[in-house]
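For the protein sequence lines, the chains are P and X, in the order given. 27 is the number of the first residue of the first sequence in my numbering; add one for each residue after it. 266 is the number of the first residue of the second sequence in my numbering; add one for each residue after it.
No wet-lab data here; the hints were simulated from the structure. Treat each hint with caution, since some may be false.
Stated by the list, open to error - With a straight-line Cα cutoff of 25 Å, these simulated SDA-like cross-link-like pairs (lysine to any residue) come out:
#1 K628(P) with E651(P)
#2 K616(P) with A390(X)
#3 K317(X) with I578(P)
#4 K628(P) with L653(P)
#5 K537(X) with I280(X)
#6 K452(P) with A451(X)
#7 K616(P) with R645(P)
#8 K616(P) with P561(X)
#9 K584(P) with L484(X)
#10 K321(X) with G583(P)
#11 K616(P) with V646(P)
#12 K616(P) with G565(X)
#13 K584(P) with S487(X)
#14 K584(P) with Q310(X)
#15 K321(X) with I578(P)
#16 K452(P) with V552(P)
#17 K452(P) with T580(X)
#18 K584(P) with I280(X)
#19 K616(P) with E562(X)
#20 K317(X) with L577(P)
#21 K317(X) with V586(P)
#22 K584(P) with A335(X)
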Amino acid sequence: MTALLTVLLACYLLGGLLPLCTSRPQLQNTLAHGGAAAGGLTGIVLGLVGLFAAQPLTLSVPSNIPFLTFALRLDPLAAFFVLTISLAGLAASIYAQGYVSEYADRASIGVVGSLLNGFVLSMTLVVLADNGFFFLILWEVMSLLSYVLVVTEHERPGVREAGLFYLIMTHVGTAFIILTFVIFSQEAGSFSFDDFRHPDQRLPDGLRSIAFFTALIGFGAKAGIVPLHVWLPYAHPAAPAHISALMSGVMIKTAVYALIRVYFDFLEGVFPWWWGFTVLSIGAVSALLGVMYALMEHDLKSLLAFHSVENIGIILLGIGAGMIFHAYGLHELAALGLLAGLYHTINHAMFKALLFLGAGAVQFATHTRDIEEYGGLLRRMPWTGLFFLVGAVSIAALPPTNGFVSEWLVFQSLILSVQLPTLLLKLMLPIAAAILALTGALALVCFAKAFGMAFLAQPRSGHARQAVEVPVSMRVGMGILAGSCVLLGLAPMLVVPLLDRVTGPLTGVAISDKVLALDGWVVAPVTVEFSSISTPVLAALLVGAGLLGLLIARRLGKGVQARYTRTWGCGLPLTPRMEYTATGFVQPIKQVFETVYQPTVKLEREFLEQSKYFLRHQRVEFHTEPLFETYLYRPVVRKLLAVAERLRVIQVGSLHLYLTYIFVTLVLLLLWAG
Amino acid sequence: MHVMVPVVLIVVQLIMLLALAPFIVGVIRKIKARLQCRRGAGLFQPYADLAKLFRKQPVRSSTTSWIFTAAPYIVFASTVAAGLLMPVFLSHTPLNFAGNIIALVYLLALGTFFLILAGLDAGSAFGGMGSSREAVIATLAEPAMMLSILAIALTAGSTNLSTIVHQSALLEDVVLAPPAHLMALAAMFIVTLAETGRVPVDNPATHLELTMIHEAMLLEYSGRYLALMEWAAGIKLLVFLTLIVNVFAPWGIATSVAPVALATGVVAYVLKVAGLAVVIGVIESMFAKLRLFRVPELLGAAFILALLALVFFYTLRG
Numbered sequence: 027m028t029a030l031l032t033v034l035l036a037c038y039l040l041g042g043l044l045p046l047c048t049s050r051p052q053l054q055n056t057l058a059h060g061g062a063a064a065g066g067l068t069g070i071v072l073g074l075v076g077l078f079a080a081q082p083l084t085l086s087v088p089s090n091i092p093f094l095t096f097a098l099r100l101d102p103l104a105a106f107f108v109l110t111i112s113l114a115g116l117a118a119s120i121y122a123q124g125y126v127s128e129y130a131d132r133a134s135i136g137v138v139g140s141l142l143n144g145f146v147l148s149m150t151l152v153v154l155a156d157n158g159f160f161f162l163i164l165w166e167v168m169s170l171l172s173y174v175l176v177v178t179e180h181e182r183p184g185v186r187e188a189g190l191f192y193l194i195m196t197h198v199g200t201a202f203i204i205l206t207f208v209i210f211s212q213e214a215g216s217f218s219f220d221d222f223r224h225p226d227q228r229l230p231d232g233l234r235s236i237a238f239f240t241a242l243i244g245f246g247a248k249a250g251i252v253p254l255h256v257w258l259p260y261a262h263p264a265a266p267a268h269i270s271a272l273m274s275g276v277m278i279k280t281a282v283y284a285l286i287r288v289y290f291d292f293l294e295g296v297f298p299w300w301w302g303f304t305v306l307s308i309g310a311v312s313a314l315l316g317v318m319y320a321l322m323e324h325d326l327k328s329l330l331a332f333h334s335v336e337n338i339g340i341i342l343l344g345i346g347a348g349m350i351f352h353a354y355g356l357h358e359l360a361a362l363g364l365l366a367g368l369y370h371t372i373n374h375a376m377f378k379a380l381l382f383l384g385a386g387a388v389q390f391a392t393h394t395r396d397i398e399e400y401g402g403l404l405r406r407m408p409w410t411g412l413f414f415l416v417g418a419v420s421i422a423a424l425p426p427t428n429g430f431v432s433e434w435l436v437f438q439s440l441i442l443s444v445q446l447p448t449l450l451l452k453l454m455l456p457i458a459a460a461i462l463a464l465t466g467a468l469a470l471v472c473f474a475k476a477f478g479m480a481f482l483a484q485p486r487s488g489h490a491r492q493a494v495e496v497p498v499s500m501r502v503g504m505g506i507l508a509g510s511c512v513l514l515g516l517a518p519m520l521v522v523p524l525l526d527r528v529t530g531p532l533t534g535v536a537i538s539d540k541v542l543a544l545d546g547w548v549v550a551p552v553t554v555e556f557s558s559i560s561t562p563v564l565a566a567l568l569v570g571a572g573l574l575g576l577l578i579a580r581r582l583g584k585g586v587q588a589r590y591t592r593t594w595g596c597g598l599p600l601t602p603r604m605e606y607t608a609t610g611f612v613q614p615i616k617q618v619f620e621t622v623y624q625p626t627v628k629l630e631r632e633f634l635e636q637s638k639y640f641l642r643h644q645r646v647e648f649h650t651e652p653l654f655e656t657y658l659y660r661p662v663v664r665k666l667l668a669v670a671e672r673l674r675v676i677q678v679g680s681l682h683l684y685l686t687y688i689f690v691t692l693v694l695l696l697l698w699a700g
Numbered sequence: 266m267h268v269m270v271p272v273v274l275i276v277v278q279l280i281m282l283l284a285l286a287p288f289i290v291g292v293i294r295k296i297k298a299r300l301q302c303r304r305g306a307g308l309f310q311p312y313a314d315l316a317k318l319f320r321k322q323p324v325r326s327s328t329t330s331w332i333f334t335a336a337p338y339i340v341f342a343s344t345v346a347a348g349l350l351m352p353v354f355l356s357h358t359p360l361n362f363a364g365n366i367i368a369l370v371y372l373l374a375l376g377t378f379f380l381i382l383a384g385l386d387a388g389s390a391f392g393g394m395g396s397s398r399e400a401v402i403a404t405l406a407e408p409a410m411m412l413s414i415l416a417i418a419l420t421a422g423s424t425n426l427s428t429i430v431h432q433s434a435l436l437e438d439v440v441l442a443p444p445a446h447l448m449a450l451a452a453m454f455i456v457t458l459a460e461t462g463r464v465p466v467d468n469p470a471t472h473l474e475l476t477m478i479h480e481a482m483l484l485e486y487s488g489r490y491l492a493l494m495e496w497a498a499g500i501k502l503l504v505f506l507t508l509i510v511n512v513f514a515p516w517g518i519a520t521s522v523a524p525v526a527l528a529t530g531v532v533a534y535v536l537k538v539a540g541l542a543v544v545i546g547v548i549e550s551m552f553a554k555l556r557l558f559r560v561p562e563l564l565g566a567a568f569i570l571a572l573l574a575l576v577f578f579y580t581l582r583g
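Can you build the whole structure from these sequences, using the hints too?
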């Protein structure tokens, strides 16, 4: 491990430092992204080594600072996240080689590339850290580097505000994380994770519950759970596309990692059922609201960012169900729920990164992020279109893709609530399954909209008409992720045993043999008689039935050639203005769910002076109300500002007075200490 | 059992699905015609229509992409694949291990996804309108369908379709179905009407721009592409009808591969789906199509019924 870790550090550090030593953009590009790609490859190997290692591998360097040791620990859980981060990092850095020219005139290629290396390295180390202090330092580095990357294009309107919002929210989260670790250290006497998880140092029940909530809020703010998600749709899209891909694809997963670490490792999986129920409920609400807000977004990257909220929700549904089962001692089902959540974690990392890279490619070609200005891109950018379609089908959980497998597993763990002893949970988990079904259907609609409006029909603007396919390196980056999506979907027999190595130590049972049946060709969580899917067979069936259709069509219509003509436009020449817009497409859904959206229409009309029947000018604005911002955040911010206004009386600008304040505080502290 | 038996069974099931789908469409049309005091076309007219369409020269829009060409095959494939997963005339269908009832729902969703894309690809306002409306209905039908499926699955203690059907086929008192079952049946029936584009949600016999949904998405299709789409729609209807008759009324279904049992199973199956098609024909004649924004109420009712089914299941069983 030490050797691999050294190589990993060397790759990222060289990739981070070398580009700053040269001023030639081309060389900076190669050095920075070459380093990150090499680091990603090493990380993949490191992750696989960690997953197959019999014992957790540890490495520790002491420091002079109290409580701080530079301790790293590679156990299966950490290894799984290292693997996920490195895979996405590899694809993003290859993609970035071609993508840099998109922001080259606004930011230095060397600096952004260097920050990319630091960002991926900090994420990798966060999941490896084995000391609370060290973890917090790395967590902060990760947050600050991602903040700097978010504001890369700070001269664009809204980017600085998005960055500031992100910075504030992430620090509120960090405060809660510090609180969590402080609670643990009270009993453990140190900040070492080894002492946190030591069975002799169990926290009293009250403190455990407080630690549960502080961890949920602290890490939840990073993960983007509702209602702490509000910063995410502003910050993630503001960054360059490959950074957005990493933030949405993997950075939010470090929070998932930390939650599992705290609940199943530090707290040893000993908790009451309502913890799991809380996580499950937050998951259900996040999934549903995430996708509902995504539907109304017409900025392609914001749409994807809202989908991250949705998918974190789905992951938490799996983990929450696992926690409920664990609390009732149903360890195999707990392992299943956790496995479903982790499966969705890596799947989401792959398809969300892919979709963000796809959105970046579309932006690269059209220089806009507004879906209404796209159209007809599939004919102009066939590869990007194909990769985006793979991502869209995967995130919509359609068979036989990876999203389908993990969402199906989440469904299974929710249905197995039939084995729980209480009526409340027996009823609530199927309702969560119904919410998941609604979420899935809305995600399908949302990606039919995103793909359909961007890639199909005629171009809706000059930008889209002039679009051309993106450079090879960008296509390779997307191709790696699309390939991973297909592989993760068609080969659950390879993925499930890997995940089992992660959930096994956490829940105490190995379920790989029970989840897989018929030599791994079938995924059957309980028995084949209860439920099963086989994505390879489904894929074969789909291909076979499609070929059958082709055969019949060829046979019956032998020698018939299709004729091409323009789409009938009711006698008028067909123009892009006749197409349905993204706004129009989702209008019925907006009306059906108006309680959530609270839509308003603003209509301004100006008539000719001669007659009120002839319009000179008309302007329509559609708005939906962001409920959490309007009713939760704005009142809080207003209160905070009001209090700050009051407190300004003590801040008069006189140095003497400030010195007096310091003196008085010192005296009070001394009195308190004495 | 001989190795070839499952293969033969799969092929027979495939042929039955493909062959029976146009007949069911014909039955519904015939019933509607008779109730409107028309003689109507023959029961086998849909076969002739399909054969004609397959032979005709398709006209394609020059603004479309490969999605437009691929969509009919994908829609056809996903519907046929869904049909192969479920028990039709034999309770233990050979391919049931490949996907349970949830996988079946998601396979059909794959078809819906590409149907929506196909509607958008031609770039006309009609296609977009159809796609947009189909999106709403698919969205609202999904949770109701999932809950009613869960209610059925809990009663049978399984989400595997063969197990569900086999168990209810072996039950003695199938006539006295528990209330949970009846409510789930009602919910499932409403969902079927919505998902397969029947009155009162959609009207398959209209080409009026204000009302059409499914037809609007197919508007730019012709020739073999239209034939595949129409055929797939028929198979989808048959899949839903099969689901209902086999889960809620598995009378006569073969529970073993004995020749007599299989023959009974096939005859009983054809009679049952034809009977249900008659019911749908009558319903289509009795009700008017709902406004689009009244459909959520109907599907909301289905959702509540399914939820009640779930509550009844737990409270009555204790």
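Structure-based check of all given hints:
no.	hint	result
1	K628(P) with E651(P)	holds, 13 Å
2	K616(P) with A390(X)	holds, 19 Å
3	K317(X) with I578(P)	holds, 13 Å
4	K628(P) with L653(P)	holds, 19 Å
5	K537(X) with I280(X)	holds, 18 Å
6	K452(P) with A451(X)	holds, 22 Å
7	K616(P) with R645(P)	holds, 20 Å
8	K616(P) with P561(X)	holds, 12 Å
9	K584(P) with L484(X)	holds, 24 Å
10	K321(X) with G583(P)	holds, 7 Å
11	K616(P) with V646(P)	holds, 16 Å
12	K616(P) with G565(X)	holds, 16 Å
13	K584(P) with S487(X)	holds, 16 Å
14	K584(P) with Q310(X)	holds, 22 Å
15	K321(X) with I578(P)	holds, 14 Å
16	K452(P) with V552(P)	holds, 18 Å
17	K452(P) with T580(X)	holds, 11 Å
18	K584(P) with I280(X)	holds, 22 Å
19	K616(P) with E562(X)	holds, 15 Å
20	K317(X) with L577(P)	holds, 16 Å
21	K317(X) with V586(P)	holds, 12 Å
22	K584(P) with A335(X)	holds, 19 Å
Every hint, counting from the list given before, is met by this structure.
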